[in-house]
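Peer 1: With chain A fixed as given, assemble chain B onto it according to the hints.
Protein chains: 2
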Amino acid sequence: MNLLIDIGGLTVGQAQDEHLASGVTVVVFDEPAIAGVAVLGGAPAGRDQECLLPDRTVERVDALVLSGGSSFGLDATTGVQAWLRERGRGIAVGNVRVPIVPTAILFDLVNGGDKDWGQYPPYRELGYAACQAAGTRFDLGTAGAGYGATTVDLKGGLGSASIRTTAGHTVAAVVAVNAIGSAMIGNGPHFWAAPYEIGGEFGGLGWPAQPTDVYPLAWKGQGVTATTIGIVATDAVLTKAQATRLAAVAGTGLGKALRLSHASMDGDTIFAAATGQKPLRPGLDDFIELAARASDCVARALARGVYEATALPFPGSLPSWRDRHDK
Amino acid sequence: MNLLIDIGGLTVGQAQDEHLASGVTVVVFDEPAIAGVAVLGGAPAGRDQECLLPDRTVERVDALVLSGGSSFGLDATTGVQAWLRERGRGIAVGNVRVPIVPTAILFDLVNGGDKDWGQYPPYRELGYAACQAAGTRFDLGTAGAGYGATTVDLKGGLGSASIRTTAGHTVAAVVAVNAIGSAMIGNGPHFWAAPYEIGGEFGGLGWPAQPTDVYPLAWKGQGVTATTIGIVATDAVLTKAQATRLAAVAGTGLGKALRLSHASMDGDTIFAAATGQKPLRPGLDDFIELAARASDCVARALARGVYEATALPFPGSLPSWRDRHDK
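Chains as they are written, first to last, in full-length UniProt numbering: chain A, 1 to 327; chain B, 1 to 327.
Hint data in this document are derived by calculation from the structure and do not stem from the laboratory.
Watch out, some of these pointers could steer you wrong.
All copies of an identical chain are treated as equivalent in the list; a pair is satisfied when it fits inside any one copy or across any two copies.
To be verified - When the alpha-carbon atoms are kept at most 25 Å apart in a straight line, the in silico SDA-like pairs for lysine to any residue are as follows:
#1 Lys278 x Ala218
#2 Lys240 x Val39
#3 Lys278 x Pro189
#4 Lys240 x Ala209
#5 Lys278 x Pro216
Chain A on its own, in the form it takes in the complex (with noise of 0.2 Å):
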């Protein structure tokens, strides 16, 4: 279906809210999985991802959460993890059980949307609704983690793309594109990922007949930061060594596919999962082809959820791809 769930052994669950302009982006594994983590911003935030470190003691997650709201949007891990508890899901310590949810945010506070919310925010229950809504179908665009998201020159969202290795192994990304910079190779409706689609995923368009000397650089203002976070998954069987490793290679498909990443206000993240249903064969080359491919498939989710996004209602708000481009 060309998006995470072609991974067996999770589900993909999203909730947002239009009044605030933001939402959240969970996946469930069935059972916990072998996870890892590339922080690839210079304006980062996170919750429970320092265990991830590959000489830390935890090696699985139950679950990886994607979230608006900068800051205020790690505490969809607190719902995360009520859904998770009530299920009896966590690392068994005496009688109680503690679920595993590394998170990572983007900014999304000032894209029109409603963030007056009172004393506390609303992430903890879009967090836990998320979790309510995890199946085997989700929306790419304007939803979960990606609904409020923007780029500098259109409107961001959410994306996902699969592919198969030579081995047999599936890798698939889901990214929310809220890049600092554009997905878009100058000011037409090019992707910077062109080289990577497939099947026209994201239009099929390809590039201009010739690149021009130096694309202008564009980005956010210093006033607003942005980040694009994304989560690879596959059913190999990895180390949490090899998960972190195929993160930060995963990490360079936002090189492939922005102009510009993991810049100085940018949280850039990327965790990458194996539910490890298919060993690898001895050797390095199934691995080497496993995370080049996650690294496509970074860059074309992240241009399919520009692709597939419908613009913001507020005053001001950004056209979307194709309210620019496929008119």
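Peer 2: Same frame as chain A, now just chain B:
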């Protein structure tokens, strides 16, 4: 001149051994320069890089070294330190001085050159010789640390590129391209870095008319490690933390210019250095542009390294770009 030496306050020196088929590139700073590093690959080797973390005490380096020879090449540092010590350079501790010379290497041990060097490897003397040769001119292509470098399909090499930002800072890169994958789009003459090319600096061929569905992934087999290493420098005034972020953003240039990078058998590493001649204006925009242009310079330097290379003379040596595409 579109070279690293467009940054004032530094010289570049190179030395190579044709029989060994390997070499060393050194950047010597006139005055100690603020520096940072981004270690991006899964199989890195370095020397004196630990001090570059933002919280460590030493903030400035006397020189930066790129070398062939895999971890044997880390001896190049010894030669560079000796040369600097003779000139009274280094951090004063009591009555001695310790030159700070962070070093990264690439793997070129199975490129056909004679690696039977006896008891000790020759990189110490190559490092010293590179310093002796340091000046404001240096060769591109099959030279210095890029002398013995290869990619999966073509001879690799040493490249460089520079640009001026809108605020008037100069940023430049020197890259030794020894990628596990390829700098070329498919099997044709076009570079992945094409959209970042300026003034036909690597042939001006642009793109294939349209991308095809999923270019083949090709990489060096698992017995052979790879590694692309580079140095970006700027005349801007940066903090050590900014130099670290500059290195991280510059590293996205590998993702833009290679298919593939950051892999398990890559030791991809990028240094960043600031000679501190021109302050940034208040706010983050000058730095964000500087870092984005550094990423472009890495991509451009990388393509130039392949474009300017000549083949090694050994049986089975890979052809150069010009051998294959400029007949």
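Peer 1: Hint by hint, note whether the structure agrees.
Peer 2: Okay, the hints, checked on the actual structure:
1. Lys278 x Ala218: between (43 Å within a copy, 23 Å between copies)
2. Lys240 x Val39: The answer is both: 16 Å in one copy and 19 Å across copies each meet 25 Å.
3. Lys278 x Pro189: Classified as neither; 39 Å inside a copy, 38 Å across copies.
4. Lys240 x Ala209: Neither way: Lys240 and Ala209 sit 43 Å apart in one copy and 41 Å across, limit 25 Å.
5. Lys278 x Pro216: between (44 Å within a copy, 23 Å between copies)
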